[in-house]
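Spelled out from the first residue to the last, the chains are:
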Amino acid sequence: MVRTTVVGTYPRVGDTHDEQALRRAIARFDKGGVAEADVRAAEREVVEAVLGEQARAGIDVPTDGLVPWYDSQSHIARGLAGIEIDGLVRYFDTNTYYRQPVVRGAVEWKRPILAEEWTFAQAHSRAPVKAVLTGPVTLASLALDKHYAKRRALALAFADALAREARELVRAGAKHLQVDEPILTRHPEDLALVRDCLEPIAAEKGPAELTLFTYFGDVAKIYPDLLKSPADVIGLDLVQGERTWPRLLKTGTDKPLALGIVDARNTKAEEPAALAAKVRQLRHSVDLDRSYLSPSNGLEFLPRAKAREKLGILARTAKLLEAKR
Amino acid sequence: MSGLQTTSVGSMPKPDYLLHARTKASKGDLDLKELRALEEKATTEWVRFQDEIGIDILVDGEQYRGDMATYFAENLEGMEVSGLVRSYGNRYYKKPIIVGELRRAGPISVDWYRYAQGLTEKPVKGMITGPYTMMDWSFDEHYGSREETAMAFAKLLHAEARDLEAAGAKIVQVDEPALATRSDELPLVVKAVGAVTKGLDAKTILHTCYGNYVDIYSYFNRLPVDQLDLEMSNSGLDLLDRFRKDPLRKEIAFGVVDVHSHVIETKAQVVERIEKALSLFDPQKLYIDPDCGLKTRTVDEAKAKLRVIVEATRSVKAEHGLD
Chain A
1 MVRTTVVGTY PRVGDTHDEQ ALRRAIARFD KGGVAEADVR AAEREVVEAV
51 LGEQARAGID VPTDGLVPWY DSQSHIARGL AGIEIDGLVR YFDTNTYYRQ
101 PVVRGAVEWK RPILAEEWTF AQAHSRAPVK AVLTGPVTLA SLALDKHYAK
151 RRALALAFAD ALAREARELV RAGAKHLQVD EPILTRHPED LALVRDCLEP
201 IAAEKGPAEL TLFTYFGDVA KIYPDLLKSP ADVIGLDLVQ GERTWPRLLK
251 TGTDKPLALG IVDARNTKAE EPAALAAKVR QLRHSVDLDR SYLSPSNGLE
301 FLPRAKAREK LGILARTAKL LEAKR
Chain B
1 MSGLQTTSVG SMPKPDYLLH ARTKASKGDL DLKELRALEE KATTEWVRFQ
51 DEIGIDILVD GEQYRGDMAT YFAENLEGME VSGLVRSYGN RYYKKPIIVG
101 ELRRAGPISV DWYRYAQGLT EKPVKGMITG PYTMMDWSFD EHYGSREETA
151 MAFAKLLHAE ARDLEAAGAK IVQVDEPALA TRSDELPLVV KAVGAVTKGL
201 DAKTILHTCY GNYVDIYSYF NRLPVDQLDL EMSNSGLDLL DRFRKDPLRK
251 EIAFGVVDVH SHVIETKAQV VERIEKALSL FDPQKLYIDP DCGLKTRTVD
301 EAKAKLRVIV EATRSVKAEH GLD
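Protein chains in written order, with this note's numbering: chain A, 1 to 325; chain B, 1 to 323.
Keep in mind the hints are simulated off the structure, nothing from the lab.
Careful: at least some of the hints might be erroneous.
Stated by the list, open to error - In the PhoX-like style, the derived pairs of lysine-lysine whose C-alpha atoms are separated by at most 20 Å in a straight line are:
#1 B:K303 - B:K267
#2 B:K303 - A:K31
#3 A:K31 - B:K295
Okay, chain A solo, but in the shape it has when bound (with noise of 0.2 Å):
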């Protein structure tokens, strides 16, 4: 049976006062009202009402949101050594940004940036919860370096910190690890160096399943050498990236993949009999009991009513693949 997961975000705030508890304490924060404690205290329960909205739709793997994330770039990164957090650029084609990572001195893993949020999220779900890295050749990319000049050598010193983090995740119990890299949709010459650097994070991954997620367009032009990265499944966006389809189908692949079928940047509600109907010209291709259906990204960039809305159609799609087997 095709399995149910989410890329990482979901909306931390929705349309509803109590939905927007932890806005309130951020801004009370701001102004110097509230403790920094208020503002975890009001992070963890979006986590667990984040939770909560994925185990009602029944989505297999979810992931706490990455609610406690100011942006996807500095989370991970203001919690490493030589790095300092400047001002906001735009992330890719989103209407979001992020504060840029400026890397001052050597990248090296101080203390676990993840392993207590992720503990915290899985405390408060039956379901395995997935946690996120940041991919280091992303990262690498977003960044502005001050300190190594070639961007390899930073990617991999980041791959080295973002290694010892996910160890931390591993012996916290993780079960299941991703590794973002959307870069290679902008730049897929990329992939040699993304490669490269998930080697030392899947060294120490363990028992865990590590996915490896491209996302805001295709990877048609590299689609076979994706599939050699050393990651367990292979997550995919198919709405943005729909030019990878064609490949996906003629090609096929044994690895497990992620299947980023339903759009998370656009409020339109997809038919999941349509959508099932797609995903079942992949049965004699793709090993569909091994795969998970997905949203194309994150979900953050929908309103909350909207990203639940999307959870649904995700486990509708699956059920109506399940029901005609």
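Based on these hints, arrange chain B on the given structure of chain A.
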């Protein structure tokens, strides 16, 4: 004209009384007439403030807009407004959704332009959120094509620009913060903005911010406007080298204060930034302003940032005999 004129990008923070009023109005506890009166009060305060401190080219401060894209969406047929989505950190906005054929029932921003211009002798900019940004910042449940959507917006926004001009606007600014989003779509930006500015007699400005300018630089001189208004401080003035190698053939409004920092730049810092700009641009073609709209700052921070811009510009003008 002495050159080195000061201006603003568009939005100003809303005073507390207006924020409270907007919250009440959204719950139905305040009627729109009362809200309008408070929006006019806040607009008057911002126009007077800019006038008093000596800004040369004014903005209305957008006190009546929630968000730059959402405001136009609320006033166009075929659009709805979604729930909240995150922009960055703890900032959220209500993203528009295109649900049908786009239509403009009548002028959108012209009434506010007239109101603000009626308060001052100095020129007030007409402000339009650009067609590419409107497309890129909306969910599309109708057109299914980014180009078709952008050009549908361009047609409506051209009519809006014509109406602003007819109301007396000598300057029309097209805000395209999404410009640098996808370098493969720059030809579409040029085409869509060109459809808005085509045939206008007013001076046209394109404002953009927070993108990788290096990738899009080759398009700067092709943008069909008279002036580019650019965020320069937040990106650490990285563009200057590029300007040196490949001169800009348009006027430039040069952002000299970071709108996303609570810290007020010192006069010395701003003077240094203006001097750098002056080393590259003719003062007649150089305008000094903040990086972007100031709405994310507090009222006091925004006022302090505008004051330091005016003081630093005066000091540089005196130094160079531009008074």
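Against the structure, the hints:
Distance restraint check for K303 (chain B) and K267 (chain B): the Cα-Cα separation of roughly 14 Å lies within the 20 Å cut-off, and the hinted pair is therefore satisfied. For the given pair, K303 (chain B) sits about 19 Å from K31 (chain A) by alpha-carbon distance, which is consistent with the 20 Å threshold. Using a Cα cut-off of 20 Å, the hinted pair K31 (chain A) and K295 (chain B) holds, with the two alpha carbons roughly 17 Å apart.
When held up to the earlier numbered hints, the structure conflicts with none and fits them all.
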